[in-house]
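Asker: Each chain, letter by letter, is given below.
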Amino acid sequence: MFDYNFHWRPVMKSLPDLIDAALLTLQVAVLSMAIGIIIGLCLALIRLHMKGPLYWFATSWVEVARNTPALFQLFFFGFGLGAFGLHLSPYLIVLAGLTFNCAGYLAENFRGGFQAIPETQIRASRSLGMTAWQAYTRVVIPQVFRIVYHPVTNQMVWAVLMSSLGMLVGFRELSGETQFFASRTFRIFEYFAVTAVIYYVIVKIILGASRLMAARLFRY
Amino acid sequence: MIEIRDLHKYFGALHVLKGIDLEVQKGEVLSVIGASGSGKSTLLYCINGLEVIQQGSVAVDETDVHAKGTDINKLRQKLGMVFQQWNSFPHLTALENVALAPKIVKGKSRAEAREIAAKQLAHVGLGEKLDVYPSALSGGQQQRLAIARALAMEPEYMLFDEATSALDPELVGEVLDTMRLLAEEGMTMICVTHEMGFARDVSDRVAFFHQGVMEEIGPPEQIFGNAKSEHTRKFLANVR
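Chains as they are written, first to last, in the numbering used here: chain A, 1 to 220; chain B, 1 to 240.
Because the hints were derived from the structure by calculation, they are not lab data.
One should not assume that every hint holds.
Estimated spans, in silico, between C-beta atoms of each pair [as the list claims (entries may be wrong)]:
| # | chain 1 | residue 1 | chain 2 | residue 2 | range |
| --- | --- | --- | --- | --- | --- |
| 1 | B | Val52 | A | Ser89 | 45 to 55 Å |
| 2 | B | Val52 | A | Ala116 | 23 to 33 Å |
| 3 | B | Phe11 | A | Met50 | 36 to 46 Å |
Covered stretches of chain B, going by a simulated chain A footprint (3 or more residues, C-beta under 8 Å) [said to hold, decoys possible]:
| # | stretch |
| --- | --- |
| 4 | 96-104 |
| 5 | 149-155 |
What you are looking at is a predicted structure, and each value in this text was computed from that prediction instead of being measured.
From the three backbone atoms N, C-alpha and C, an ideal C-beta is built for every residue, glycine too.
Here chain A stands alone, though its shape is the one from the complex (with noise of 0.2 Å):
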């Protein structure tokens, strides 16, 4: 039918190579989150409750992050930045993008999130005579937390799998190191295969422990 004929050896001889990868993409995939929630968070109370500068600039940054292609926002921070003389690693370039992408589709989600949790919760924490910030920590964000857990956990995903635009700007995470080997042998088609293994593999097993600590964590 065809005459391709599979060569599975060497990619089974680089398959260390490739895990060590895909625990680069992991960990800049979990970095880029961490930051993005803490950036994200702080966008999205921006845009609740101030104006002015602050409010346009969340605002421009959430616009920008949702609105152009993820590839766009790193090819920025790798030869946009690059043109001004200012040199990132491979590394910093995909942190960079991934961060800035990932703040502003979470920003929206925390968005979502406070605007669901009523005013009237906070009212009743305040007059048992907590705190504003009381009112938040204890009340508000607890349950802010339970609504955008899923999306959250979404993000994540589509971190991992956005982090392979990596190997565009030359990072050699898990696919910029398939992309590396397959050039070197030819075995496209088995590399990528494989790696795309690797990818469903990562992403379902993020995906089960967030089921996971969903079940522990959310009773209600």
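Could you slot chain B onto chain A? The hints should help.
Answerer: Quick look at chain B alone, frame taken from chain A:
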């Protein structure tokens, strides 16, 4: 004692309270009745400082609620409040709902706070529901939970904002019974209510509000039997 002097409250251009003068003594049960939008609920929010006021003063045990230097969080511990929408905290069990404020506001230990919470939940008849989440409680049970939560702060006054208005008719009784119980125990209460039976039977005085003005105040026999104000008589004729 709660002392309200010439209280004015505006929402934008809307003049909601038009010069209220009112004193509530320790141990008294005051029911506040009147049509929706007459300013009854707003009055409660002005008493515990959840709403700012534009003129006049509110003093609780001689502390000015709206003065700049007042520690409002401390003052609110004296003023338990129960809302129309019961506002239980959905992410906490009944016990945790009640124990939260004693722990973080009053600085009680975890064990102590839980003990207080268990006691108050038993007090309102929810002793069997300690580890249940609000989503598994009926509206009436959630409202009693809210009462227990307010009581756990050991308030000296309780403010009820239409505590039964959002409940299914068959659940109103259990909440009113709990409120009666508190009244019998000598709690000072201001109850904004549409339950005329409760106002008549339980209160020491009843105040009738009409369009931001306290039209009439007096013992229940006077308000329900021999109202002086035309508006009061009209209102009562309509709700009966």
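Asker: For every hint, state whether the structure bears it out.
Answerer: Structure-based check of each hint:
no., hint, result
1, Val52(B) x Ser89(A): 45 to 55 Å, "holds (54 Å)"
2, Val52(B) x Ala116(A): 23 to 33 Å, "holds (27 Å)"
3, Phe11(B) x Met50(A): 36 to 46 Å, "violated (23 Å)"
4, 96-104, "holds (count 3)"
5, 149-155, "holds (count 3)"
Hint 3 from the list above is the single one not met by this structure.
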